[in-house]
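Enquirer: Quick one: dock chain against chain with the hints and give me the complex.
Here is how the chains run, residue by residue.
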Amino acid sequence: MHDPSHPPPESPAPLVALTAREADRYRALLGQKAVGFVETDLGGRFLLVNEAFCRMTGYPEAELIGKDCHRLTDLGDGRIDAIARAELIGADGTLAFETRYARKDGATIFVYVSATRIAQDAADSTILMTVIDITEQRRAEQIARRSEQRYRTLLNSLDVGFCVIEVIFEGADRAVDYRFLEINEPFERLTGLANVKGATMRELVPEHESHWFEVYGRVALTGEPTRFEAEARALHRWYSVYAFRADSSNNRQVGILFEDISARRIGEQRRLFLSNLAEKLAPLRLEAEVVETVVGALGRFLNVDRCAFAECLEAENRLVISSDYARPGLPSLTGELNLFEFGGIEWWRAISGEGLSVDDVALHPLTEPHPEAYQAIGIRSYLAKTFRGAGPWTSGLVVGNLKPRAWNAEDMKLVDDVLARVWPMIERARSDRALVEAHAELERRVADRTAKLRETISELEAYSYSISHDLRAPLRAMQSYASIVAEERGAVLGDSGREYMRRIEAAADRMDRLIRDLLVVTRLSREAMPIERIELGSFIAGVMDNYPGLRVNTAQIELVAPLGAVRANPAALTQCVANLLGNAIKFVAPGVKPHIRIWSELSGGRRRVFFRDNGIGIAESAREKIFGMFYQTDPSQEGTGVGLAIVKKAVERMGGTVGVTDSLGHGSTFWLELSDAGGGVAL
Amino acid sequence: MGIVLYGEDDANDAFFMERAFAKLGRREALRIVPNGGIAVQYLEGAGKFADRSQYPDPSLLLLDVKMPEVSGLEALAAVRRRVAFAAIPVAMFTSSTQATDIAFCRAHGANAYLVKPSNAAGLAPLVEGLLRAIERFSVESPRLAIDGNLL
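Listed in order, the protein sequences are those of chains X and B. Position one of the first sequence corresponds to residue 405 (our numbering), numbered consecutively onward. Position one of the second sequence corresponds to residue 2 (our numbering), numbered consecutively onward.
A hint or two may mislead.
Unchecked claim - What follows is a list of derived Cβ distance ranges for each label pair:
1. B:R28 <-> X:R893: 16 to 24 Å
2. X:T958 <-> B:A12: 36 to 44 Å
3. B:A88 <-> X:R837: 57 to 65 Å
4. X:G1032 <-> B:A88: 51 to 59 Å
5. X:D874 <-> B:R28: 24 to 32 Å
6. B:A104 <-> X:A682: 52 to 60 Å
7. X:E1005 <-> B:L25: 49 to 57 Å
It is worth saying that the hints were derived from the structure and are not from the lab. Note that this is a predicted model, so its numbers are computed, not measured. C-beta atoms are modelled at their ideal positions from N, C-alpha and C, and glycine is treated no differently.
Only chain B is shown next, with the shape it has when bound in the complex (with noise of 0.2 Å):
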């Protein structure tokens, strides 16, 4: 079972995310990185993100739609237009249900997308179905089995 790596800005968020994989005693299987842009540099291994014994491969890209720089959209397209990262799935994970961004995941090859609970309280559960869909998850059926997955 690999990591985890989720793009978000908010700290609070990020914190929030970190005591749910705490709780489910997981803490070092989420990685967390501030923007979509560096998302891609751990995927790419750039920089110190050569050192894989550091930065272990992900088994799940979760990406907050909303970042600085390179926001979670950007991310997903850029990491769908490389083959090398094909098989990974992505999870969108956002405030917001617009339309305009899950028909755009949709078209850009996400595989999950979810919306924050509005209570860190109910990060836990969500968490933990999300691993258990990695695992149950394949190139030929790529919609993670979720619940509460929009797409």
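In isolation and in its complexed conformation, chain X is listed as follows (with noise of 0.2 Å):
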């Protein structure tokens, strides 16, 4: 009965057929502050309003009534409002929704919208509605949406991996493995493993080690988070894993954010592995020591089958493997090869420049041309580094593996590191050898000529020791026996006879003393002579002392004070005096007593030591002579021609000079010349 077409009335007439308790009813449910409530005709056309919807959406009532309910919606979702109005009409009657409202001022609010049609006659059917705003809920919504919107951006735009799984347990506590529910992005690259989710951890990395499981069951069972830093071996990582109970009501879900700390871990573990090894290579000064504890420390730290040092000489196309680690097992490969048949000219080039990382030598461009020679040293990977030092040589780091291995950067700056630092050790051994050989050619030079010293010395030492021993007990033994025969056979050999015994004694005896002086001749040349200052009258006192023959009752001696002193040898100058004084005492005329005068001159540094005796004196021409070996004045006087060669000699020895002067008729006058040792004190 009402037509669409025409303005609404100006009271609710629905409302008239009410009776008096439901019209109280329906104007308590018009003044709920919190709900509209509005009544449309079919065409959408507002036929009543309450107070709530007209604060609602700032409109006050008369701006409402008969006009389309589209001026509402069509500024937010009035497709909504339609559809749900087709769908009232054809349907059951009641419908509720969601849909957006602009304000009279602008502002859109978010309503709920209840909706029934109340009348079973088409033509007279009315919509009623009640209206929730819902604006504050759906901005707090809105924020939640959003801020995990921030959350998933910011889980996935980190370098941190995080999922969520579920711990599955054997029995009541024991977890043995888990499965992925959700996961970030950075998860795939974190671990390397792919299309997770829902798998298992175990179906995924069967060698994962337990205590991950362990650690994530115990997390789920406690709802305690832990925090923890452990290598996965099989995904090649170290982590830094935060495990946290994902869900309070599920203690099977724990929830994971980890970091992959392997560059932070292996630099760790590589700068370790560098101060050890320079601690063990510290002490070390050979070459090949230095090589084979870095061989050995690089090959076992880096888990490779081999690690060798090579010296290549491309002009000769050598590879010279000087020393070399390999694993337990397998043979070593020092030795020599054929440089390049392990590559061409690039393949040195990349070599001796960058280095080589070759993670399958079947695979590598540079490689894979040349595979007889890796099969016969059976390395399948490898890295090469070289290092160029003086000379033609380059030497070079290998570490290589019988399988294919997938070499990081982190390796071959390990490989660098290690002969950035071991180049210069090995450099400096290398100069050292060098020195050290130097210095070893020039110690065995000069033991070599030691040795033949020594030789010469105790070839001489031998045989004087010999003609001192072995020559000297027959000419005792001869002597002796002569001696005895005389004594005890006197009688029986008669004059003449008692006349030969004594010969062979007397020749015995000057054979004994020849050889005697010819060993004094022989030290004086050849034995160390130490030169001190030397009181000469003291010790030419001491000298007349210790020879029986040179006392004051045979001969007369006198020094004159002051005799000053010189530097000699004290067993060279004690020949010297005693030699000389023996002579004077010796040289006499029959029943002439020795008189011997001593005294010194001091001349530029150098003082003569002169004796004068009143002996028969030396003949002009004799001069010269007296001081060679074996010459004799007189051959019928005892004496061996030896005592002045040995002056002669031993004065030289101490770097004097020695001579013979006239005496004008009387005897001789004998003088040695030696360094002055100054400020003596007289006799």
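Expert: Structure below.
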């Protein structure tokens, strides 16, 4: 009965049909402060709005009644309203939906609308709607949604892996596996695992360490979050992990935040390795020791099958492996190989430049054409880096594996670091070795010469020793038996026999003295002759005391003070003084008591000591010869002819000179000249 | 007065020494062994030398330097290594005055270094001097007081 095209009546007509009680209730509903109440016709024109709805939309009642409700919803989601109405008309008569309204002031509000068609008759139907402002809730939801989105963005963009897992227990509390429920984007990159959602860790990585399962199981059971660092060997990575129970209502779900700390851990391990290596190398001086230590340590640290120190001479196509480490059970590769069998010139340039990293020799373009060489040594993957020092050789380090291996930049850097540290040591060792070799060569030459000298000396020693002992023993026997025969059988021998015996004795004695003198000459020529300051007065007096033949009662010896001091060797000077005095006493005319006068003169730092005697004198012609060996002025005199040779030898060894001067017909004057020792105390 | 133990490998020198002792009427006071090793065995009382009635403790050890097997120098060193023989005077008796030998003997505690006289006629006075020196010998002044002692 209501023409929809007509304006609506001033008061809500449908209420007329209500009982008074119903009308009260209806008014109470309309008076609700928080719930908007609207009645429209099927065309959507407002027939009735309550105060709460007006407040909600910001329109006074007058501006709404008779207006199409699209005025509100067109700004918002009018389409939904339209569908809703269409459905309402055709369906059982109720629908709830959410939509947006544009308030009069332009603001948007979200509303929850519950609509009911309240008449069976299509022509007379109206729609009753309760409208609840849900703007606040929607905003909160939107914020929550946005923050979750931000959170997701964060999780996906950070270098942090995230996953939610469900721990799988065997029995009550033994965690044996876990299933991935959710992961973030970086997960795949950080683990190297793809398509994990729904899969279990054991399925993906059967050899994953059991401690991982235990830790997550504990977190799930206790609800206590945990933070730890561990290595996942099968993934070749180290992780820093924070694990927490993901859902308080479900004690099997664990959230895991994790970070790949392999670089840091590896960095730490490498730093430690390098410092340990440096410590090990510090005391080593020999190249071979340094190299052996390096290849062993590096090979074990990188867990490779081989590590070798090689020297290359590209001009001669030579590759010499001087020292290598091989995993126990593998043969050493030390020896010489052909350099270019392992690659061409490009390959060599790569190695001697940046270094070469070959994950698989069968696949690398530089090594792939040379399979035989690698098969021969059993190497499938390797890293090589060289160092160029002085000389034509290039030295290098090679680490290799029997199987392919994905080397990373860190591996190459380590080889590089090791070389950088070791190379200076090797160079030092080489220069040390050169020095040592030069030194050793010198030592060897000195030793050679010393040995030769020692040989000569010991020959001489053996010779003089033999003369002393072996030659003199028979002479002693001759002399002694001759004297025994004369003593015991003198009566039988008669005068001539005794005379012959005496001559045997005398000859043997002479020969014995000759031998002794020769020994003295030998020693004077050979023995070390340390020079010291010698006070002549007391020294000569001492010599006289020690030689019975020079005693005062035999001869008169006069020392003219001060005699001063000279630089001389006591033993040699003793020989000189004893011989000169001995001669002076010996060579006197029969019946003449020897008289000897000793004085000294200083001239230009040299001190000349004179020994003047009253002896038979020396013919002018003989003066040149008397200092020669075996020269005798008078062969009938006892003496060996060696005494003055001894004096000459001894004085010369002390840097002095010796001579004889004419004493004007009465005896001779011998002198010896030595360095003056100055500051002498007079006798 | 004990005996003199003489280490000497040269039969002539041994004979001359016996003769010198005989001349002094001290024939019984001399025991001669042919090298340093046997001299040490004698001192130790090893083997047959255990019989001290036959081989009495010597009051002087006289050692030739150059002897086969164990030389006088080695015997000297061996004797001086043993505390038990510390008080026995040792006189070296040799034909050389090699400085190294003299230094060795001094360093190893010899009490005299004597040069063999070139004529055995000189032996008797030398032995007389030795025997006198032994009587005056004491460990406090270990150098034997005898003419020609090069130590």
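Enquirer: The structure should be examined with respect to each hint, and the outcome stated for every one.
Expert: Okay, the hints, checked on the actual structure:
no., hint, result
1, B:R28 <-> X:R893: 16 to 24 Å, "holds, 21 Å"
2, X:T958 <-> B:A12: 36 to 44 Å, "holds, 38 Å"
3, B:A88 <-> X:R837: 57 to 65 Å, "holds, 58 Å"
4, X:G1032 <-> B:A88: 51 to 59 Å, "holds, 52 Å"
5, X:D874 <-> B:R28: 24 to 32 Å, "holds, 29 Å"
6, B:A104 <-> X:A682: 52 to 60 Å, "holds, 53 Å"
7, X:E1005 <-> B:L25: 49 to 57 Å, "holds, 53 Å"
Checked against the numbered hints given earlier, this structure breaks none of them.
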